[in-house]
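K.L.:
Now for the letters of each chain:
Number of protein chains: 2
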Amino acid sequence: MYNPTRVHFGKGVVAGLGNTVSGYGRQVLLVYGKGSIKANGIYDQVMGQLQAVGSVVHEYSGIKSNPLVEDVDLAAELGREKGVDVIVAVGGGSVIDSAKVISITIPADHGAWEFMEGRRKPRAAVPLISVLTLAATGTEMNKFAVIQDTANHRKLGYGHDLIYPRHSFLDPAYTLSVNAGYTAYGIADLMAHAMELWFGEGDAPLSDRFILAIMQEALEAGPLLMKELGNYELRARIMYAATSALNGFTAYGKAKGDWGVHSFGHVLSVMYDVPHGASLSIVYPAWLKLMQERIPERVGALMKGLFGTDDSSEGIARLEAFLLELGCPVRLADHYAGDWDKEAVVAVMERNASNGAVHKLSAEDYRLLVDLYFS
Amino acid sequence: MYNPTRVHFGKGVVAGLGNTVSGYGRQVLLVYGKGSIKANGIYDQVMGQLQAVGSVVHEYSGIKSNPLVEDVDLAAELGREKGVDVIVAVGGGSVIDSAKVISITIPADHGAWEFMEGRRKPRAAVPLISVLTLAATGTEMNKFAVIQDTANHRKLGYGHDLIYPRHSFLDPAYTLSVNAGYTAYGIADLMAHAMELWFGEGDAPLSDRFILAIMQEALEAGPLLMKELGNYELRARIMYAATSALNGFTAYGKAKGDWGVHSFGHVLSVMYDVPHGASLSIVYPAWLKLMQERIPERVGALMKGLFGTDDSSEGIARLEAFLLELGCPVRLADHYAGDWDKEAVVAVMERNASNGAVHKLSAEDYRLLVDLYFS
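Sequences listed follow chains B and U, in order. Under this note's numbering, the first sequence has 157 at position 157, and the numbering climbs by one with no breaks. Under this note's numbering, the second sequence has 1365 at position 365, and the numbering climbs by one with no breaks.
Note that these hints are calculated values from the structure, not bench results. Ideal Cβ positions, reconstructed from N, Cα and C, are used throughout, including at glycine. Do not rely on the hints blindly, as some may be mistaken.
Derived list of chain U stretches under chain B, where covered just means 3 residues or more per stretch with a C-beta under 8 Å from a C-beta of chain B [said to hold, decoys possible]:
hint	stretch
1	1004 to 1014
2	1216 to 1225
3	1249 to 1263
PhoX-like cross-link-like pairs, simulated, lysine-lysine; straight-line CA separation at most 25 Å [said to hold, decoys possible]:
hint	chain 1	residue 1	chain 2	residue 2
4	U	Lys1254	U	Lys1304
5	U	Lys1143	B	Lys143
6	B	Lys11	U	Lys1256
7	U	Lys1254	B	Lys11
8	B	Lys64	B	Lys143
9	U	Lys1011	B	Lys256
10	U	Lys1011	B	Lys254
11	B	Lys304	U	Lys1304
Excised from the complex, chain B in its bound form:
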């Protein structure tokens, strides 16, 4: 158990950003995405904070929602050239994940992908401060990052103690302008994170109770938020639930999570451009239906804990109904109207050796799973 990130949570917390940043130095690398923070005023607030303390700001923008290693390397080059003292990442998971890998690439003498592939180990990191604008991945309070190498069709996760953000500023008001779709996908993402740990390895009853607590919170607050996207309190509840779902609270006593559904979801994202959270809301119900006969006690305990039912099938149906109520797809056809090729999906799963760390699926299982994406 270790998590050194200082989280500043609540309305107006960004008022403390400038002083926090200036404690690390004057030269700042500001990392963000495609500019939505300029439209909603967050960029101006952050720049106001940095200018007030006399920061010299070097900007790297344009991080994609599936973050690319090319951007990481270019931003690291800029940071190295400018001798930055601190990185400020303003955005959602893709921006913060990129900034995490940038932070260890700046002091290195090689490209970022060397870390992702595990060929090199980081020795130092430029301090990273995040300002979160999307409740979903939990990256704001953990040591993980996911980066894509498009040219080689690879999308890898990475974890290291050096890439915990030093500080994360979480103002739920900064998520008020997130649209319905990405709000819903964020909720699906946090639910999926909770379940990946539920189906992990190791008997940890209290961590299991924390998992149920987080999922129950999302079951309650999620549909309320979808009816009232401008409600600050509900944004705050979902933001904290998303942070809690992957900051370690649910993992203590477990050797690892499963993460199979994530790997199967990545295949749908890569092939049909399904947003990450949406891919999870399609794959999880299918995976649960497949697994309920193989690990009936574990699936049953989850459904009992979430919905009070002893009938796993009923529980899974209620989970699907919840995801649909949010506006998430639960079948591939819900998201994508084009032609599908089931065997092509299976082939990409095979090529990527997509699988869980705990519950292994065979090639035959792939077909059973993919069939369930459609029916």
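Following the hints, complete the assembly by docking chain U onto the known chain B.
P.N.:
Showing chain U alone in chain B's frame:
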């Protein structure tokens, strides 16, 4: 949200103690209690670890179960004189709490009580590493310490970011020899910590769910452990529940806990030598009975969450039954057969201005509460 302590949890984790300690330096201040760690072999294991890495060990032993500021000052003097690089605290809450305050007193030019009273602020701390031998207070993963100034009849709590242990080694096997009484009091203590936050200030639904999760874990594992004190898995569940009950998981989104019951319990400890956990198991049921008419929704939601009942009185009765099943007292007479003086108890409560931070009791309320200790 901030908690930098690295927790090493599990059977045999102390095998990593030597290397961890030597990373901080050679001169070690070893702090422990009255010697039970010599009887159960823990002292030998810890010394073996320290000797293997060539530590020079300076010992300060004899910390009392109600830890005294005199010991803190004497140990700090020893640490200062020897120029220690790191403190290793081996014991329960009293030993670790003492070591926390020792860690900031060594670099200071004044006595420890100056910190406790808030007259001076610490500027530095000698790194502290704890080895826990009793599951109860949660001090192993938080920034709090309680120290007593007997001469002046004061017992104060203190909190500062500098006193988080850098590392805490939690081997549930190290608690296997804890007797039935202190095992039960530890469970009562963790339940009380959870409730002090439940009755705190601020609307934090997910923190409330975490509180229920921790209490449900103790409701399930506690009685099983009391029937089988040598069961490692059950010791592990209670150890982790105790850590979780006061490491911040339950506090996010709350401005403060109430801590009234703790302050009323301290009065019983001071007057009749009631162990801390036992004082809480007497006061909490009484306090809940008093408060169920004043804050019926809050008491009701707790009892509903714990026992599934809509009848608060029934819920409180079930909580009492649980505490009795553990072997904890729920009335003063359960613990102490001597003469009682209700008005004297009330007088000490008044003199200490004992009260909650959120739910304030009047002098008349004191009498109602104390009456409930007896009936």
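K.L.:
Confirm or reject each hint.
P.N.:
Hints versus structure:
no.	hint	verdict
1	1004 to 1014	holds (count 5)
2	1216 to 1225	holds (count 4)
3	1249 to 1263	holds (count 3)
4	U:Lys1254 - U:Lys1304	21 Å, holds
5	U:Lys1143 - B:Lys143	23 Å, holds
6	B:Lys11 - U:Lys1256	18 Å, holds
7	U:Lys1254 - B:Lys11	14 Å, holds
8	B:Lys64 - B:Lys143	20 Å, holds
9	U:Lys1011 - B:Lys256	18 Å, holds
10	U:Lys1011 - B:Lys254	14 Å, holds
11	B:Lys304 - U:Lys1304	18 Å, holds
Consistency note: the structure conflicts with none of the earlier hints.
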